[in-house]
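Asker: With these hints in hand, go ahead and build the complete structure from the sequences.
Take a look at the letters that make up each chain.
2 protein chains.
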Amino acid sequence: MDTEVARARALDAAEELFYGRGIQSVGMDDIRGTSGVSLKRLYQLFPAKEQLVEAYLQRRDERWRQRLAEYVDRHTDPVERLLAVFEWLRESCAEPGFRGCAWINSYGELGATSPRVLAQVRAHKQAFKAYLAGLVGDAGLPAPLGDQLFLLAEGAMVTAGMEASPAPADQARRAAELLLAAHRWRETDRETADPGRAAGCGDAGVRRR
Amino acid sequence: MDTEVARARALDAAEELFYGRGIQSVGMDDIRGTSGVSLKRLYQLFPAKEQLVEAYLQRRDERWRQRLAEYVDRHTDPVERLLAVFEWLRESCAEPGFRGCAWINSYGELGATSPRVLAQVRAHKQAFKAYLAGLVGDAGLPAPLGDQLFLLAEGAMVTAGMEASPAPADQARRAAELLLAAHRWRETDRETADPGRAAGCGDAGVRRR
DNA sequence: CGACCGAGAGAACCGGCGTTCTCTACGGTA
DNA sequence: TACCGTAGAGAACGCCGGTTCTCTCGGTCG
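Protein chains in written order, with numbering that gives the first Met the number 0: chain F, 0 to 208; chain G, 0 to 208.
Have a look at the derived ranges for each label pair, beta carbon to beta carbon:
#1 Gly26/G x Glu186/F: 54 to 60 Å
#2 Arg121/F x Trp184/G: 33 to 39 Å
#3 Glu94/F x Val4/G: 44 to 50 Å
#4 Asp72/G x Leu38/F: 54 to 60 Å
#5 Arg62/F x Gly19/G: 29 to 35 Å
#6 Ala47/G x Glu94/F: 29 to 35 Å
#7 Gly35/F x Gly19/G: 35 to 41 Å
#8 Ala47/G x Arg121/F: 33 to 39 Å
#9 Arg20/F x Gly35/G: 31 to 37 Å
#10 Asp28/F x Tyr42/G: 28 to 34 Å
If we take Cβ atoms under 7 Å as the criterion, some of the chain G residues that face chain F in the derived model are:
#11 Gln23
#12 Ile103
#13 Asn104
#14 Leu150
#15 Gln170
#16 Leu177
Rather than coming from a laboratory, the hints here were simulated on the basis of the structure. Backbone N, C-alpha and C fix where the C-beta goes; we use that ideal spot for every residue, glycine too.
Answerer: Dropping the structure here:
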């Protein structure tokens, strides 16, 4: 068996088992059983379990972001591209075996004890946040919206996993639409009716009833 | 040592260690060392580690929701009570040793293998969501806002843990204000200018540019 | 054809951990 | 004082899992 094939099978098994059961609940022998790659080969490819975990998270990150980008690229309108993120999320959450965000789960389990895992988690979240920020910028919307949409997406993935339902992704999408509209209204308000308040980007415009 | 005291010390140690390091990374001997409660006593109080975990999550849930309610009860205005949730979240996230949401972390680690843990996690999230729904109802705001604020809060806790910063709680608070305003405007629009669209609660009012 | 290299299967090693057991000491009681 | 139940300290037990080693076998090259 080719080295590349063995590596791919090992990572396939790692993804299936680590994501489905949690990392510490899966032994290297389980990886061997599922992948068909012998222990000897496994340890040639990955000198320790931690590095298999790292490689699993990294490959999943690449694929995850690529699939997201492909889905988003089916749209050209900048606002539709933003909302497409939540549609894609909804599809992801509805897949069988969905169990929340792989990186958040890994963080809860190993974030405190494995610096390599922690680095992978942070890198993934940072990349996702940067991607959202790019979409927000392309739509000519203010940067804080990117962070807010990021929080909605995180909450949706976590909650969809725990409730075993894609409904949170729909709720997040509706919230995203409202936030979009709110930011746009605020921008136009600022330009036309009330330019003096442009500096304070806080809650001044919201509190009044 | 009194039984109640031993139980409390065991749970104190469990909370400190399980939350700080993850559950599977902490052995019963660590609990003993930190709590000063002998192994024999520990197993009299909790027949197995899983039940200590369960009790830890349950007691933390009670305290967590009580502290939240106390913070919220310092306000009387219904809208301020809603926003107080995010202020309290911000304070929680800023505490030293904050490492995200204990229940989300536990879900990632044991949700797939321990039904008792899974039940605790779901119960806690359901209770928090119900509490938010109550606040939203008290403010006379539409129910979907409760779910949306819930997602923001979840995202904020998770992200604050990973980034080791309370900033996400601030971002969530601003998003909450915008969502509140959006829902209110939509309500007034519906009553005054455009009652015919009241039935469709979807995105019709947002898409138009 | 024979020596060698690499790979796979599985045992072996070693430490860790959940759980139980033993031993000792102590405090209360007749 | 003698007895007894209890609690704590720590060892012991069994199992599991990460990692390494051994043995065997098939293919390759001189």
